[in-house]
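K.L.:
As given, the protein sequences belong to chains A and B, one line each in that order. Heads up: the first sequence is residues 1 to 401, going by the working numbering. Heads up: the second sequence is residues 402 to 536, going by the working numbering.
FYI, nobody ran anything at the bench for these hints, they're computed from the structure. Where is the CB? At the ideal position from N, CA and C, for every residue including glycine. There may be inaccurate statements among the hints.
Said to hold, decoys possible - A partial selection of chain A residues facing chain B, derived with a Cβ cut-off under 8 Å:
#, residue
1, Met179
2, Thr182
3, Tyr183
4, Ala186
5, Thr348
6, Gly349
7, Ser355
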Amino acid sequence: MKTIKEINEKIKKGEVVVVTAEEVSELIEKKGLKRAAQEVDVVTTGTFGPMCSSGAYFNIGHSKPRIKLGGGVCKLNDVPAYTGLAAVDIFLGATAIPDDDPRNKVYPGEFKYGGGHVIHELLEGKNVSLEATAYGTDCYPLKKIETTINLKDLNEAVLFNIRNCYQNYNVAVNLSDKMIYTYMGALKPNLGNANYCSAGQLSQLLKDPYYKTIGVGTKIFLGGGVGFVAWHGTQHNPGVPRLENGIPKVPAGTLAVIGDLKQMKPEWLVGTSMIGYGVTMIVGIGVPIPVLNEDVIKHAAARDEEIFTQVIDYSNNYPNCVAGSLAQVSYAQLKTGKIVVQNKEIPTGNLSSYSKAREIAETLKSWIKKGDFTLSEPVANIPGAESGYAVKPLKQNPSLS
Amino acid sequence: MTSKRIVLHFPHRLVDQPIVYNLVKEFDLKFNILKAFVTPQEEGLMVLELTGKKENFDKGIEYLNSCGVKIQPLSQDVIRNEVKCMHCGVCVPICPANALTVDQESRKVIFHDKKCIACELCVRICPTRAMEVRF
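Chain A on its own, in the form it takes in the complex (with noise of 0.2 Å):
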């Protein structure tokens, strides 16, 4: 019906109609599915959560005389990095910490300070520390430097998740009769909480369930920047069971997602702390549906009572992979603050920000209108539902267990 062409040539003529995945579902009740489909070009959608599979890695430039950090060790802000590339490459996870941190040797730890907090004060435009020490060859003669680095300085600062933008999440409780401390937060005992992370109806590959419009290549906000996806996130798992809107119901799908981290924004990417778990990184994440057909924005319009999701007990199940949902919830029945669990009613809480996640629907929106962002064509197709992708354990050698 609409090509992403012809989609680009309205953003660039400022003809293009974008709505959020909120309005959409508004919109076609509307004017009904059809209408809607013709004079809707592109739907947003946006999160903003913690997720730990994210990182950044850094040319540095080389220092005079030359010190080869691959095969050595190199902290920013006290925090180690990757060292094993090249001489002045060098990668950092948004969940590495301190070698003196106390970790959970004073339970539960409060894991104040990590890679996601120096990439946030990177963004801030904060010089970094950085100190590193090689074992030193004839071309790569420096064994120890210390020094500063600066965001602006660096050659190259990329932005690279291998796992975002989980397609729906569990929601965590704790069946146990004691506090146990997840990177889901902190659960109270006897099912005294449960706590969930989606945007649930703003998520993107809840809007598009089967990965028909997003997929390798595709321009999306990344970080308060322009981003790519680079790839299917790992344990991307897209054969789950799923509900008659295509929806799964269990966490499937996922994105790996890169961009320039120069362009990026501090209020888009934030250090975070999960108390007697570790330390992660808030991302946020955009992307742009264009609607080809009924069918896209069919899916796009789901609504928070339309996607469903299953309650897991951690303090057992999930740390023993023991399967079982102790019920099943829509992001409605979550959204009003309480659930019901084995006749219990338990409060909600979301570790996904709503209002931050609508922000940046709109911000896309508004880049979008502008004429700001144009579409990107998928280059490649990311592993869909039929395709017989799934995520395995680990296979563990019986004869070392």
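Given the coordinates of chain A, work out where chain B should sit on it, guided by the hints.
P.N.:
Here is chain B on its own, set in the frame of chain A:
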């Protein structure tokens, strides 16, 4: 009746005195201890909800002052750093006093500082450490 949540700072010399007992015995005040601890410098800190007849309440406060106990209203204790707060809402079910709620329209987290009992649970669990303690 008057009911207020107050923060009491006890200097070192008063830590072993039954001051709260006297509030009950002499001034007929009801108390609910929301939090209490002795700091490493041996200053005692206690967060109390104090309830009683206005006249008795004022006399009780006067008594505390005369003993050298420093009194602060509670609302100064936990504050929200508005720049750091991401409005995710993970603090909402943790708060025992319903001082943190989500606005259904804007989906932003509202901090009702008057309801805050300064238990500091939110301070520990906030992912961006937006809830800060000020003494």
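K.L.:
Hint by hint, say whether it matches the structure.
P.N.:
Verification of the supplied hints:
1. Met179: Where the cut-off is 8 Å and the nearest Cβ of chain B is about 10 Å from Met179 of chain A, the hint is violated.
2. Thr182: For Thr182 of chain A, the interface hint is violated, since the closest Cβ of chain B sits about 11 Å away, which is over 8 Å.
3. Tyr183: It is violated, given that the least Cβ distance between Tyr183 of chain A and chain B is near 10 Å, above 8 Å.
4. Ala186: holds, 5 Å
5. Thr348: holds, 6 Å
6. Gly349: holds, 4 Å
7. Ser355: The hint holds - Ser355 of chain A has a Cβ within 8 Å of chain B, the shortest such distance being about 4 Å.
The structure shown violates the earlier hints numbered 1, 2 and 3.
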